[in-house]
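In our numbering, the protein residues as written are 925 to 1151.
Rather than coming from a laboratory, the hints here were simulated on the basis of the structure. Please read these numbers as outputs of a predicted model, since none were measured by experiment. Heads up, the beta-carbon is just placed ideally off N, CA and C, and yes, glycines get one too. Please note: incorrect hints may appear among the correct ones.
Distance windows between CB atoms, simulated [as the list claims (entries may be wrong)]:
id : residue 1 : residue 2 : range
1  : E1061     : G977      : 36 to 44 Å
2  : D1075     : E1013     : 23 to 31 Å
3  : S1041     : E1061     : 42 to 50 Å
4  : G1001     : D1075     : 21 to 29 Å
5  : S1041     : T1003     : 23 to 31 Å
6  : A1106     : A982      : 35 to 43 Å
7  : D979      : D1014     : 39 to 47 Å
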Amino acid sequence: MVVLATKCYVDGDARERALDSFDSLVRNEIGELDVAWTIDVREDDFLDVDLDGEDATAAGNVLADSWGEIATDHEDGETYVGTLDAWDEDGWVLDVGNDNRVRISVDDLGLGTGSPSQIRDRFGVVQHTPLRFVAGETPRLADETRDRLYDWTREEGRSGRVNVNSATRGEVRATVNRAGHADDIITVERLGLLEQSIVCPESTDPPGLLASIGSYLRSELKCVLTG
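Build out the structure end to end from the sequences listed, making use of the hints.
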């Protein structure tokens, strides 16, 4: 069994669609291995994949590499994954599973000046986005997460991004098409099962795209602008 660092926090038909999508993603990754799997959503909304078969260990490693794994214990200096759960004047709070939270102070975000809310807005980090952190007495964002967020603001040939939660990649792509913007984006990158990043070319205005698709999605949407 492996508990993956991505959540399914929608209900009803949306949950069924999300889990169907996730099952397809799992099949694409480990379908050729000698393994059977069952997907469950834990009480804390993280996805639990029960694996059985000769290649169960290998399959678990593949999924953990792709999605990150929720760890039971955290050793100082080691890197783990949590999802953005909350933010306040002091910093960001990551959900690391099993009803545990890790608080990262604004000074340990390493993302420049501003309040935690302003930093979140500047880098377009929607709630539930998976983020890597380094455990310790004063946890900090991992360098690879900082670099990824900074890269979003520096991408050449792109005007920025629109980040979305509460929707699968397929649903976001369909929404962009429905709003008539299929030719106005480069791609939709998957950040988590229900967290996506729409990559915009130089010819597309991210705030304008956000305004156009916002009425179609019951989501939090945030823009990232290249500087």
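Going through the numbered hints above, which ones does this structure break? Give me the numbers in ascending order.
Those not satisfied come down to hint 3.
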